[in-house]
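Reconstruct the complex from the two isolated chains, following the hints.
Chains D and L are the protein sequences, given in the same order. Going letter by letter, the first sequence gives residues 3 to 115 in the numbering used here. Going letter by letter, the second sequence gives residues 482 to 592 in the numbering used here.
Everything labelled a hint here was simulated from the structure, so no lab data went into it. Be careful, since some hints might not be right.
Pulled from the structure, derived: some chain L residues nowhere near chain D, Cβ distances all over 12 Å [claimed, not checked]:
| id | residue |
| --- | --- |
| 1 | S493 |
| 2 | E496 |
| 3 | G497 |
| 4 | V501 |
| 5 | A510 |
| 6 | N513 |
| 7 | Q515 |
| 8 | D520 |
| 9 | G524 |
| 10 | E537 |
| 11 | K549 |
| 12 | G552 |
| 13 | T555 |
| 14 | Y557 |
| 15 | Q562 |
| 16 | E574 |
Keeping only pairs whose Cα atoms sit at most 27 Å apart, straight-line, the calculated BS3-like set for lysine-lysine is [stated by the list, open to error]:
| id | chain 1 | residue 1 | chain 2 | residue 2 |
| --- | --- | --- | --- | --- |
| 17 | D | K64 | L | K549 |
| 18 | D | K17 | D | K64 |
| 19 | D | K85 | D | K17 |
| 20 | D | K46 | D | K13 |
| 21 | D | K80 | D | K17 |
| 22 | D | K46 | D | K85 |
| 23 | D | K73 | L | K482 |
| 24 | L | K523 | D | K13 |
| 25 | D | K46 | D | K73 |
| 26 | L | K482 | D | K46 |
| 27 | L | K549 | D | K46 |
| 28 | D | K46 | D | K17 |
| 29 | D | K85 | D | K13 |
| 30 | D | K64 | D | K85 |
| 31 | D | K80 | D | K46 |
| 32 | D | K85 | D | K73 |
| 33 | L | K482 | D | K17 |
| 34 | D | K13 | D | K80 |
| 35 | D | K17 | D | K73 |
| 36 | L | K549 | L | K482 |
| 37 | D | K80 | D | K64 |
| 38 | D | K85 | L | K549 |
| 39 | L | K523 | D | K80 |
Don't be surprised by glycine CBs; every beta carbon is placed ideally from N, CA and C.
So the chains spell out like this:
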Amino acid sequence: EAGVAQSPRYKIIEKRQSVAFWCNPISGHATLYWYQQILGQGPKLLIQFQNNGVVDDSQLPKDRFSAERLKGVDSTLKIQPAKLEDSAVYLCASSLEVNSPLHFGNGTRLTVT
Amino acid sequence: KQEVTQIPAALSVPEGENLVLNCSFTDSAIYNLQWFRQDPGKGLTSLLLIQSSQREQTSGRLNASLDKSSGRSTLYIAASQPGDSATYLCAVEGSARQLTFGSGTQLTVLP
Numbered sequence: 003e004a005g006v007a008q009s010p011r012y013k014i015i016e017k018r019q020s021v022a023f024w025c026n027p028i029s030g031h032a033t034l035y036w037y038q039q040i041l042g043q044g045p046k047l048l049i050q051f052q053n054n055g056v057v058d059d060s061q062l063p064k065d066r067f068s069a070e071r072l073k074g075v076d077s078t079l080k081i082q083p084a085k086l087e088d089s090a091v092y093l094c095a096s097s098l099e100v101n102s103p104l105h106f107g108n109g110t111r112l113t114v115t
Numbered sequence: 482k483q484e485v486t487q488i489p490a491a492l493s494v495p496e497g498e499n500l501v502l503n504c505s506f507t508d509s510a511i512y513n514l515q516w517f518r519q520d521p522g523k524g525l526t527s528l529l530l531i532q533s534s535q536r537e538q539t540s541g542r543l544n545a546s547l548d549k550s551s552g553r554s555t556l557y558i559a560a561s562q563p564g565d566s567a568t569y570l571c572a573v574e575g576s577a578r579q580l581t582f583g584s585g586t587q588l589t590v591l592p
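Pulled out of the complex, with its shape left as it was, chain L reads as follows (with noise of 0.2 Å):
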């Protein structure tokens, strides 16, 4: 059964600052992986979605790798703003084509 976690639970950082949230997942036999953002009483939005042959993927100040050998993404925000403050979540597509989820990691940006 696919498990994916994300480390740390929750982040605090002034403005400015580069960034980087992890998210881990145990089966390696997956389609694709997602980053979504979900804001407080809000659905998720999709920001970057990496095919399992792709090793990375960049949305504006936004980076995404993937190395699905050892099991790990990282999502890099650069030059962080009060905006970016949200929940991040990770999310791995497996052979069931099903998305499993991690926790998230709460992200707050300090002006």
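So that you can see chain D by itself, here it is in the shape it has in the complex (with noise of 0.2 Å):
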């Protein structure tokens, strides 16, 4: 079974600009999560898809990030205008159901200058 996709691996913007990422899951996996990881940090979740409604964003800064998950299959993640606190590792993972296994993207990794 094919993994977690996620894009691009890597990515260097300077403040204030913006940024998007995106995450393909494991096909038939209902329910995707965006976590930003912070170096030397756990992840900590941003938000919460199932299929293609939001179940959690309470942690999400929602006056610089957004995100959506069309269709109830891929997802996007952007940022605007990017602060220099938003470098950070940025991964999706995706499961089954809500009480399955997470199955984690190798994230994008953002550096802002």
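Below is the structure:
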């Protein structure tokens, strides 16, 4: 089975610029998550989708971050405008259903200068 | 608010040793606890998932235990190998059905 695909792998931008990340989950997985992992810390949930509906976005900084999951499959996460503190690895994960094990992609490493 | 702590932050052992990684959490009202492995530049790989009603789970050389009442879990790795070198993270799923992660233990197994 193909894993969770993410692109790009790396991105370097200047502060105040915008950036978008893309995620393609494992086929058939209804639940999709975006996590932010700052160096030396564990991942922190940004947003959780069930099919194309948002289940939890309580920790998403909505003034600058947005995410969508059109047609309940692929998802994009956007940051606009970026701040220095957004430098992190952005991980996408999917699961068959809410209480199933999570499968993670390799992440996108964002550096904001 | 759930807090997850992992001690030690880093651990270095010679090949062949048995070792224990520790995880503690502040809110015992959890649905499950998971242990993940993260290799440099990679995502997380799920190793073991323990439901709140279970006490332990085993997979090969790995054994994870859960003591909900004391808010503790351990990951036991038997006969460690250099290929086990990675960062190990524990995560608890709480009442809001969110995973809260610890900061991880970076393990190095020396040949």
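Results of checking the hints against the structure:
1. With a closest Cβ-Cβ approach of about 17 Å to chain D, S493 (chain L) is found to remain outside the 12 Å limit, as its non-interface label requires.
2. The beta carbon of E496 (chain L) is kept farther than 12 Å from every beta carbon of chain D, the shortest such distance being approximately 26 Å.
3. The beta carbon of G497 (chain L) is kept farther than 12 Å from every beta carbon of chain D, the shortest such distance being approximately 29 Å.
4. Remark: the non-interface label on V501 (chain L) is consistent with the geometry, its nearest Cβ contact in chain D lying 19 Å away (cut-off 12 Å).
5. Every CB of chain D lies more than 12 Å from the CB of A510 (chain L), the least distance being 15 Å, so the non-interface label holds.
6. The claim that N513 (chain L) lies off the interface is violated: its Cβ sits roughly 7 Å from the closest Cβ of chain D, which falls inside the 12 Å cut-off.
7. Not every Cβ of chain D is farther than 12 Å from the Cβ of Q515 (chain L); the closest lies at roughly 7 Å, contradicting the non-interface assignment.
8. The non-interface label for D520 (chain L) is inconsistent with chain D: the shortest C-beta to C-beta separation is roughly 10 Å, within 12 Å.
9. Remark: the non-interface label on G524 (chain L) conflicts with the geometry, its nearest Cβ contact in chain D lying 3 Å away (cut-off 12 Å).
10. Listed as outside the interface, E537 (chain L) is consistent with that label: its C-beta sits roughly 17 Å from the nearest C-beta of chain D, beyond the 12 Å cut-off.
11. Against the 12 Å criterion, K549 (chain L) stays outside the reach of chain D, whose nearest CB is about 17 Å from its own CB.
12. Even its closest Cβ contact with chain D, about 17 Å, leaves G552 (chain L) beyond 12 Å, as expected for a residue assigned away from the interface.
13. T555 (chain L), annotated as away from the interface, keeps every beta carbon of chain D farther than 12 Å; the closest lies near 17 Å.
14. The Cβ of Y557 (chain L) sits about 20 Å from the closest Cβ of chain D, beyond the 12 Å cut-off, so the non-interface label holds.
15. The beta carbon of Q562 (chain L) sits about 23 Å from the closest Cβ of chain D, which is more than 12 Å, so the claim that it is off the interface holds.
16. With 12 Å as the threshold on Cβ separation, the claim that E574 (chain L) sits away from chain D is violated: the shortest Cβ distance comes to roughly 8 Å.
17. This hinted pair does not check out: K64 (chain D) and K549 (chain L) have alpha carbons roughly 34 Å apart, beyond 27 Å.
18. Note on K17 (chain D) and K64 (chain D): the hinted pairing holds, with a Cα-Cα distance of about 17 Å set against a maximum of 27 Å.
19. A distance of roughly 5 Å separates the Cα atoms of K85 (chain D) and K17 (chain D); the hinted pair therefore holds under the 27 Å criterion.
20. Taking the CA atoms of K46 (chain D) and K13 (chain D), the gap is near 20 Å; set against the 27 Å cutoff, the hint holds.
21. For a cut-off of 27 Å, the pair hint linking K80 (chain D) to K17 (chain D) stands: about 14 Å separates their Cα positions.
22. As the CA atoms of K46 (chain D) and K85 (chain D) are separated by approximately 17 Å, the hinted pair is consistent with the 27 Å bound.
23. For the suggested pair K73 (chain D) and K482 (chain L), the alpha carbons sit about 33 Å apart, so the restraint of at most 27 Å is broken.
24. A C-alpha spacing of about 15 Å is found between K523 (chain L) and K13 (chain D), which places the hinted pair at or below 27 Å, so the restraint holds.
25. Annotation: proposed proximity of K46 (chain D) to K73 (chain D) holds, straight-line Cα distance about 25 Å (limit 27 Å).
26. Taken as a hint, the K482 (chain L) and K46 (chain D) pair is honoured in the structure, with Cα atoms around 13 Å apart against an allowance of 27 Å.
27. Of the pairs offered as hints, the one joining K549 (chain L) and K46 (chain D) holds, with about 22 Å between alpha carbons and a cut-off of 27 Å not exceeded.
28. With a C-alpha separation of about 22 Å, the suggested pair K46 (chain D) and K17 (chain D) falls inside the 27 Å cut-off, and the hint holds.
29. For the suggested pair K85 (chain D) and K13 (chain D), the alpha carbons sit about 14 Å apart, so the restraint of at most 27 Å is met.
30. For the hint linking K64 (chain D) to K85 (chain D), the alpha-carbon distance of about 14 Å falls within 27 Å, and the restraint holds.
31. Taking the CA atoms of K80 (chain D) and K46 (chain D), the gap is near 16 Å; set against the 27 Å cutoff, the hint holds.
32. Between the alpha carbons of K85 (chain D) and K73 (chain D) the distance comes to roughly 30 Å, so the proposed pair goes past 27 Å and is violated.
33. Distance restraint check for K482 (chain L) and K17 (chain D): the Cα-Cα separation of roughly 31 Å exceeds the 27 Å cut-off, and the hinted pair is therefore not satisfied.
34. Between K13 (chain D) and K80 (chain D) the CA atoms are separated by roughly 13 Å; this keeps the pair inside 27 Å, and the hint holds.
35. A threshold of 27 Å between alpha carbons decides the hint, and for K17 (chain D) with K73 (chain D) the separation of about 31 Å lies outside it, so the pair is violated.
36. Taking the CA atoms of K549 (chain L) and K482 (chain L), the gap is about 16 Å. The hint holds against a cut of 27 Å.
37. Straight-line distance between C-alpha atoms of K80 (chain D) and K64 (chain D) comes to about 10 Å, which keeps the hinted pair within the 27 Å bound.
38. Of the pairs offered as hints, the one joining K85 (chain D) and K549 (chain L) is violated, with about 39 Å between alpha carbons and a cut-off of 27 Å exceeded.
39. Restraint check for K523 (chain L) and K80 (chain D): satisfied, since their Cα atoms lie roughly 21 Å apart, inside the 27 Å limit.
Against the hints set out earlier in the document, violations occur for numbers 6, 7, 8, 9, 16, 17, 23, 32, 33, 35, 38.
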